Amino acid sequence: MDINWANVFDWMVLLKCFVTGGIICIIGQVLIDKTKLTPAKILVIFVTTGAILGGLGIYQYLVDFAGAGATVPLTGFGYNLAKGAIEGIEQYGLIGAFTGGVKAAAGGIAAAVFFGYLASLISKPKMKKQ
Amino acid sequence: MDPLETKQTYQDYVDKKSPNSPILKNCFNAFWVGGLICTIGQVILNICKERGFDTQLSGTIVSIILIGISAFLTGLNVFNKIGKFAGAGSLIPITGFANSIVSPAMEYKSEGYVMGVGGKMFTVAGPVLVFGISASIIVGMIYLIFHTQSVTLV
Numbered sequence: 472m473d474i475n476w477a478n479v480f481d482w483m484v485l486l487k488c489f490v491t492g493g494i495i496c497i498i499g500q501v502l503i504d505k506t507k508l509t510p511a512k513i514l515v516i517f518v519t520t521g522a523i524l525g526g527l528g529i530y531q532y533l534v535d536f537a538g539a540g541a542t543v544p545l546t547g548f549g550y551n552l553a554k555g556a557i558e559g560i561e562q563y564g565l566i567g568a569f570t571g572g573v574k575a576a577a578g579g580i581a582a583a584v585f586f587g588y589l590a591s592l593i594s595k596p597k598m599k600k601q
Numbered sequence: 266m267d268p269l270e271t272k273q274t275y276q277d278y279v280d281k282k283s284p285n286s287p288i289l290k291n292c293f294n295a296f297w298v299g300g301l302i303c304t305i306g307q308v309i310l311n312i313c314k315e316r317g318f319d320t321q322l323s324g325t326i327v328s329i330i331l332i333g334i335s336a337f338l339t340g341l342n343v344f345n346k347i348g349k350f351a352g353a354g355s356l357i358p359i360t361g362f363a364n365s366i367v368s369p370a371m372e373y374k375s376e377g378y379v380m381g382v383g384g385k386m387f388t389v390a391g392p393v394l395v396f397g398i399s400a401s402i403i404v405g406m407i408y409l410i411f412h413t414q415s416v417t418l419v
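So the protein sequences, as listed, match chains E and C. So the first sequence is residues 472 to 601, counted in my numbering. So the second sequence is residues 266 to 419, counted in my numbering.
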């Protein structure tokens with residue numbers, strides 16, 4: 472299949488994505504440097520924030536603007552979960568709140584579990600440098 | 266003292282005297298590494314769309330590829346070096362989620378493949394999934410009650 476590379480490397484789209492993704496990471500960096508939050512808590516905060524902003528419909532604007540710049544950071548993971556839950560509700564009612572979110576994020580979660588386990592198996596134990 | 270060492274000691278002195286510079290430097294590194302990871306994601310996303318996949322599936326493919334790459338880079342001890350340099354730049358993108366699964370799993374490999382690797386994988390990823398999924402269910406229930414997204418707020 473022919474790919475139009477001019478569309479793939481549309482510099483305006485990539486620039487918006489780069490700047491938005493970068494700014495989201497700066498927010499994380501400020502949290503790391505200025506608070507005593509552990510990285511794990513920061514990840515939790517980002518995912519939860521993304522889910523809440525996704526539920527309010529605010530995050531959708533950022534996704535429309537920045538594409539992967541908004542979906543690749545972990546806030547996008549939360550947004551994806553919330554969006555899936557809402558779509559599930561519209562389709563199946565209450566039960567959709569339980570099935571929709573994980574269904575939407577299933578690929579990412581399954582890949583993380585599978586590749587995570589595989590990569591841990593092939594990893595070499597860390598050498599202690601003396 | 267050779268020149269390089271002098272420069273190094275001077276740099277250390279400057280760093281010590283100007284407490285503002287590390288956070289600016291950290292933020293700058295986080296900005297461009299994080300931005301770059303997202304841009305790589307956007308390029309993959311664009312290729313998927315050009316191939317005719319819908320937005321939802323394209324996004325999933327991007328996540329799977331980025332997670333796969335960062336999981337193996339963590340296993341090869343490369344990701345930790347990027348992480349030390351970029352801080353949040355590699356932690357906040359979905360790459361950090363994969364890294365948070367592989368890092369503890371590697372560390373506890375000696376405790377066995379089931380409870381060691383299989384169990385410790387979720388030291389950090391577990392809370393992320395617990396809070397992420399719970400938040401999405403609550404969001405869904407609130408949506409069910411009010412049956413509207415409060416877009417009007419914006």
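What the hints contain is simulated information worked out from the structure, not anything from laboratory work. The structure presented is a predicted model; accordingly, all values stated were derived computationally and were not measured. You may find that some hints are simply not true.
[Stated by the list, open to error] Here chain C is said to cover these stretches of chain E; the calculated rule only asks that three of the stretch's residues, wherever they fall, bring their Cβ under 8 Å from a Cβ of chain C:
hint	region
1	474 to 480
2	483 to 496
3	582 to 591
[Stated by the list, open to error] Examples of chain E residues lying across from chain C (beta carbon under 10 Å, computed):
hint	residue
4	Val-501
5	Lys-507
6	Ala-511
7	Gly-521
8	Gly-525
9	Ala-539
10	Thr-542
11	Gly-549
12	Gly-559
13	Glu-561
14	Ala-575
15	Ala-576
We put the beta carbon where it would ideally sit given N, CA and C, even for glycine.
The hints, checked one at a time:
no.: 1; hint: 474 to 480; result: holds (count 5)
no.: 2; hint: 483 to 496; result: holds (count 11)
no.: 3; hint: 582 to 591; result: holds (count 9)
no.: 4; hint: Val-501; result: holds, 7 Å
no.: 5; hint: Lys-507; result: violated, 15 Å
no.: 6; hint: Ala-511; result: holds, 4 Å
no.: 7; hint: Gly-521; result: holds, 8 Å
no.: 8; hint: Gly-525; result: holds, 7 Å
no.: 9; hint: Ala-539; result: holds, 4 Å
no.: 10; hint: Thr-542; result: holds, 6 Å
no.: 11; hint: Gly-549; result: holds, 5 Å
no.: 12; hint: Gly-559; result: holds, 7 Å
no.: 13; hint: Glu-561; result: holds, 9 Å
no.: 14; hint: Ala-575; result: holds, 7 Å
no.: 15; hint: Ala-576; result: holds, 8 Å
When held up to the earlier numbered hints, the structure conflicts with hint 5 and nothing else.
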